[in-house]
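Given the coordinates of chain A, work out where chain B should sit on it, guided by the hints.
There are 2 protein chains.
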Amino acid sequence: MAALTSLDELIAALRCLPGVGPKSAQRMAYHLLQHERDGAERLSRALTAALQNLRHCTRCNAFAEREICERCAAPRRDANLLCVVETPADLNMMEQTQLYNGLYYCLMGRIEPLAGVGPRELQIDRLLARAGDGVVQEVILATNFTNEGEATAHYLGELLRARGLKVSRIARGLPVGAELEYADAGTIGQALVERRPL
Amino acid sequence: MAALTSLDELIAALRCLPGVGPKSAQRMAYHLLQHERDGAERLSRALTAALQNLRHCTRCNAFAEREICERCAAPRRDANLLCVVETPADLNMMEQTQLYNGLYYCLMGRIEPLAGVGPRELQIDRLLARAGDGVVQEVILATNFTNEGEATAHYLGELLRARGLKVSRIARGLPVGAELEYADAGTIGQALVERRPL
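Quick note, the sequences are listed as chains A and B, same order. Numbering-wise (numbering that gives the first Met the number 0), the first sequence opens with residue 0 and increments by one. Numbering-wise (numbering that gives the first Met the number 0), the second sequence opens with residue 0 and increments by one.
If we strip away everything but chain A, and leave its shape as in the complex, we get (with noise of 0.2 angstroms):
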């Protein structure tokens, strides 16, 4: 066998990438070094960069180039109003609606006993903090309606609201353009006690 170093440590590094196992390490490898020399070079660039640049944003948790990000100094945005994701990605699809115009704290991640997550591991007290500053007004909790998320939306609520905290929780219900012939029982439930006047 060839003892190919840079190329085995190629494939073992790609690894470390979500979802990527050994034959998709391979592949990608290849591919780069094959097609995309030049993909290969920016990435390397963009990784060295985004570790030395990137950091937590100190008022909403969310990756920052600064101390406080771009989003939490914006001087239009309603300081009100503070809602709780679970990731940037959500805090992202959040900012794609455009129908939000308040402040947000990302948890980074959920409270999740089985994998060993807990209030003290997200840093909840960071979150109380945040939320406790005078401004904000009301805490609008987003987290994903899994369990995780439904469990850290309540353990949220509960805390939120010990505050004197106004604290509510985006709406469960039919998705947009949904038939009710193709959704599921539990949804549907969920839409029929949770309502609303016309």
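No wet-lab data here; the hints were simulated from the structure. You can trust all of the hints, since none of them are fake.
Which copy is meant is left open, because identical chains are indistinguishable; a pair holds if it fits in one copy or across any two.
Here are the computed lysine to any residue pairs in the SDA-like style, where the Cα-Cα straight-line distance is at most 20 angstroms: (1) K22 <-> T96; (2) K22 <-> Q95; (3) K165 <-> I123; (4) K22 <-> G108; (5) K22 <-> M93; (6) K22 <-> M107; (7) K165 <-> V135; (8) K165 <-> R129; (9) K22 <-> Q33; (10) K22 <-> N91; (11) K22 <-> E94; (12) K165 <-> R76; (13) K22 <-> M92; (14) K22 <-> N143; (15) K22 <-> Q97.
Same frame as chain A, now just chain B:
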């Protein structure tokens, strides 16, 4: 919108990986920054090292750190046999059979007219020079059994036979462990046509 240049650039750079779209790239970037900072650093270094160190072996055309790879330089290999494969991944699969002890030539692709890849792009003349070194006696065509792989095998077969070389093709048939009931008719048909005396 916040202008997170390092993050945006990392997400864009990750898209050079095969099969990685905007959503996956975003997920990968967040994962690396949050959970795999060591892995990201290692990947950055591995990419740079691989780009610097790896080139094509002048004999087999697969990736190598020297002018002639260790496999081609190994004295124990049977230099009378030359197996032609499409990619280094295919070469690895052939090696894993542990049933082949000859040498290889890696096309780094296949004849694919619709993608603009013809004999010239594949540098078929390099293979012909390699196979015509006076030592190689049999060329085993192990391109894939796709339309493009078959066409490539057919084309190479003509050229190599015209040079007085013995040319063979790896066998088609039912996979090991296969049951006829669940195999496709095309494969069963081929297995019937290419039946061997027992």
